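Undergrad: If you read the protein sequences in the order shown, they are chains A and B. Note that my numbering numbers the first sequence so that position 112 is 112, with each residue one more than the last. Note that my numbering numbers the second sequence so that position 53 is 53, with each residue one more than the last.
Be aware that a few hints might be false.
[As the list claims (entries may be wrong)] Straight-line distance between alpha carbons at most 27 Å, and here's what the computed DSSO-like set of lysine-lysine pairs gives: (1) A:Lys53 x B:Lys103; (2) A:Lys57 x B:Lys17; (3) B:Lys71 x B:Lys1; (4) A:Lys57 x B:Lys1; (5) A:Lys70 x A:Lys57; (6) B:Lys103 x B:Lys71; (7) B:Lys103 x A:Lys70.
[To be verified] Derived list of chain B stretches under chain A, where covered just means 3 residues or more per stretch with a C-beta under 8 Å from a C-beta of chain A: (8) 39–45; (9) 104–112.
Calculated from the structure, these hints are not laboratory results. A quick note: this is a predicted structure, and the numbers were derived from the prediction, not measured. Glycine included, each C-beta is placed from N, C-alpha and C at the ideal position.
Read off the chains here:
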Amino acid sequence: DAGITQSPRHKVTETGTPVTLRCHQTENHRYMYWYRQDPGHGLRLIHYSYGVKDTDKGEVSDGYSVSRSKTEDFLLTLESATSSQTSVYFCAISVWEGGTGELFFGEGSRLTVL
Amino acid sequence: KNQVEQSPQSLIILEGKNCTLQCNYTVSPFSNLRWYKQDTGRGPVSLTIMTFSENTKSNGRYTATLDADTKQSSLHITASQLSDSASYICVVSARVANFGNEKLTFGTGTRLTIIP
Numbered sequence: 001d002a003g004i005t006q007s008p009r010h011k012v013t014e015t016g017t018p019v020t021l022r023c024h025q026t027e028n029h030r031y032m033y034w035y036r037q038d039p040g041h042g043l044r045l046i047h048y049s050y051g052v053k054d055t056d057k058g059e060v061s062d063g064y065s066v067s068r069s070k071t072e073d074f075l076l077t078l079e080s081a082t083s084s085q086t087s088v089y090f091c092a093i094s095v096w097e098g099g100t101g102e103l104f105f106g107e108g109s110r111l112t113v114l
Numbered sequence: 001k002n003q004v005e006q007s008p009q010s011l012i013i014l015e016g017k018n019c020t021l022q023c024n025y026t027v028s029p030f031s032n033l034r035w036y037k038q039d040t041g042r043g044p045v046s047l048t049i050m051t052f053s054e055n056t057k058s059n060g061r062y063t064a065t066l067d068a069d070t071k072q073s074s075l076h077i078t079a080s081q082l083s084d085s086a087s088y089i090c091v092v093s094a095r096v097a098n099f100g101n102e103k104l105t106f107g108t109g110t111r112l113t114i115i116p
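Could you put the whole structure together from the sequences, leaning on the hints where they help?
TA: Below you can see the structure in the form of structure tokens.
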């Protein structure tokens, strides 16, 4: 258990509304990630962070923004949700040992955009 | 383009039987290959991580193999249990210039169902 908590776990919202998902970790790991998981696709990286206020885009970042004002919290924001953003969102952290970063995932946040 | 392909997409076996899942990849430059187990409604959990120099690695009843020459990996499950019912995801990491940021490519997973 890497001490990762995602909230909310489930959310239903309407097109055009803003949504923020929160990822909280208890172990002060430097690297945090947001992924989305959709049927027929492997997990895809949205954004990642390598420290407080240090973030970068992943492969599917359009329509998403992130913020990391504290080591323990990484927020994912959908400024204006669309139906194509209906997905399961996973937060992950990297724990580095021997030059390899092992990923630990949260339990996921299921978002439905109507 | 980096790609990871897994087969079969789904598999149903009887409890107690063995099974093997396959992963083929085209990822360069290769850093490591990982297998994850994802129970329904949960996040993925790491089973094994193998680097270029490792060709087999075990975690209990799970044994992963890696052939870096043919770019293939397999996950063998021995004496399956009902709790092995899950999706198994192959993930291949490419080396990148910045330490701490590996570029991961995820397969779509194999859905394994164990029936009593």
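Undergrad: Run every hint past the structure and note whether it holds.
TA: Evaluated hints:
Distance check on the hinted pair: A:Lys53 and B:Lys103 sit about 21 Å apart at the alpha-carbon level, within 27 Å; holds. Between A:Lys57 and B:Lys17 the CA atoms are separated by roughly 43 Å; this puts the pair beyond 27 Å, and the hint is violated. As the CA atoms of B:Lys71 and B:Lys1 are separated by approximately 15 Å, the hinted pair is consistent with the 27 Å bound. With a C-alpha separation of about 18 Å, the suggested pair A:Lys57 and B:Lys1 falls inside the 27 Å cut-off, and the hint holds.
Proximity of A:Lys70 to A:Lys57 is assessed by CA-CA distance (about 19 Å); at most 27 Å being required, the pair is judged to hold. Simply put, B:Lys103 and B:Lys71 have alpha-carbon atoms about 17 Å apart, close enough for the 27 Å limit, and the pair holds. For the hint linking B:Lys103 to A:Lys70, the alpha-carbon distance of about 24 Å falls within 27 Å, and the restraint holds. Three residues within the 8 Å Cβ limit are the bar, and the region 39–45 of chain B against chain A gives 5, so the coverage statement holds.
Counting residues of the region 104–112 of chain B whose beta carbon lies closer than 8 Å to any beta carbon of chain A gives 6, which meets the minimum of three for the stated coverage.
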